[in-house]
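Residue numbers (our numbering), protein chains in the order written: chain C, 6 to 89; chain Y, -17 to 404.
Keep in mind that the hints are not guaranteed to be accurate.
As the list claims (entries may be wrong) - Covered stretches of chain C, as calculated for chain Y (at least 3 residues, CB under 8 Å):
#1 20 to 31
#2 48 to 56
#3 68 to 74
If you are wondering where the hints come from, they were derived from the structure by calculation, not from laboratory data.
Yeah, the Cβ is synthetic: ideal placement off N, Cα and C, and Gly gets one too.
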Amino acid sequence: MSERLWIVVDGERVEAARGATVAAVLLDAGVTAFRRSPTGAARAPLCGMGVCFECRVTIDGEAHQRACMRLVEPEMQILTSAAT
Amino acid sequence: MTATIECDVLVVGAGPAGIAAAAAAAACGANTVVVDDAPAAGGQIWRSSANYPPPRRARRWLRRLEASGASLESGAGVVDVERTEGDDRLAVHVERAHGAVRIDTRSLVLATGARERFLPFPGWTLPNVIGVGGAQALRKSGMNVRGKRVVIAGSGPLLLPVAASLAHGGARVLVVAEQAPARRVRRFAAGLWRRPATAFQAATLRAGFLRTPYFFDTWVTSARGEDRVTGVELADSSGRRRVIECDMLCAAFGLVPNLELPRLVGCAVRDGVVHVDDRQATSVAGVYCAGEPTGIGGVDLALVEGEIAGRAAARTPTGGRLTRARTALRRGAASLDAAFALRPELFSLARDDTIVCRCEDVRLGQLDPRWTTRQAKLYTRAGMGACQGRLCGAALECLRAWPPDTVRPPIRPARLATLLSE
Chain C
6 MSERLWIVVD
16 GERVEAARGA
26 TVAAVLLDAG
36 VTAFRRSPTG
46 AARAPLCGMG
56 VCFECRVTID
66 GEAHQRACMR
76 LVEPEMQILT
86 SAAT
Chain Y
-17 MTATIECDVL
-7 VVGAGPAGIA
3 AAAAAAACGA
13 NTVVVDDAPA
23 AGGQIWRSSA
33 NYPPPRRARR
43 WLRRLEASGA
53 SLESGAGVVD
63 VERTEGDDRL
73 AVHVERAHGA
83 VRIDTRSLVL
93 ATGARERFLP
103 FPGWTLPNVI
113 GVGGAQALRK
123 SGMNVRGKRV
133 VIAGSGPLLL
143 PVAASLAHGG
153 ARVLVVAEQA
163 PARRVRRFAA
173 GLWRRPATAF
183 QAATLRAGFL
193 RTPYFFDTWV
203 TSARGEDRVT
213 GVELADSSGR
223 RRVIECDMLC
233 AAFGLVPNLE
243 LPRLVGCAVR
253 DGVVHVDDRQ
263 ATSVAGVYCA
273 GEPTGIGGVD
283 LALVEGEIAG
293 RAAARTPTGG
303 RLTRARTALR
313 RGAASLDAAF
323 ALRPELFSLA
333 RDDTIVCRCE
343 DVRLGQLDPR
353 WTTRQAKLYT
363 RAGMGACQGR
373 LCGAALECLR
383 AWPPDTVRPP
393 IRPARLATLL
403 SE
């Protein structure tokens, strides 16, 4: 069993495995609307490797962070499109 | 004032080609730095995480990189490259999580790897429609697939290893649909027995145990669902159509090289790949290229090209063993292209109301076939969003036969502070 930590997603505490990316943790938490497209459609990870920018979320106050390129850290604050 | 690092050889990309290049350059005595956008070295094929250790071969190369003395900067993406005053060195502007850095180097090795080719079809923007390599990347970085019903529909040697990996993670892989015909893929697979072991070969064996149906001549026509994918329609060459309920659809059609950086630097590109000479030197003095950007060829070829490029960048001659290995491996790469050539039906899946540019929500019907990529940008913003056309550009090369537009800095979204520090 890997080491566990907690992050905060749209105000809710979510348990995560150390070493996982933010994208993987959000998908496991059932998040489908990482961001909203210009016409308001829900978008979630597509490429998984930093190319498509569909998994953008706000991390610790910094907007437009690719969730697939960042590892979770204890008490990381994530805002998805549900919060904005 | 931005921090500046000086080095002899800067390698961009820490996948197999970049690791081999950096290790070789440093072993030849060059002061070597390697930068990579991802949190850890390995690239896509050797992606690992705390809970998903890299394969033995990757560990061996990572140890070799560490022992070589090359310095690795992870989480660092190149934004711009320019000639320094006097023209003899290159200034590479890099953005990291905690600020920008400028790296001045004598030689540059571009090992930027490849991404997946996505072709638009109705419903492809739904959440849980992801890439094939994308699914693998997400699983390696912690995504739990246990109990998920997965359909894999696309093309190329990645489909089976990814199916095996997802099944190993507890997913129910319902169907693997390969758009290419069986006879071409079988001929390709048969040829592999005469070459070094590949992931495809191993997965072909494993797939037998999975009992997952592996259909040829079969492709996705649409994804169904409201707020996420709940089903997929597949078509085959006999005209049959069927709908399969699923929780995840993995759909990608082979790989395309990442050419933004080579093209920004001015490297000559021919037939969609960076043109290099015997030493992996590009058309630009001091700039070398290795791995997928010189032609999709897989990990074995990437390692050999990387080693040659690293030695050349460190101004050390390369022996015949490496160049002979490269010749043999390039032959294999050509057979891969032929086996998985895309069928024309795939280029007419998108309808007029299908989104092509996902960043800006531009639909196919908005894009006049008589336009150029530049006109599409100006009139509709297609290709102007955060991914800068990385996705829709490759798709429109297929759907509209539009060649890519010129690359301009910054080649990725960057903070104002980074841009101002240049």
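Quick rundown of the hints versus the structure:
no.	hint	verdict
1	20 to 31	holds (count 9)
2	48 to 56	holds (count 9)
3	68 to 74	holds (count 3)
When the structure is compared with the earlier hints, no violation turns up for any of them.
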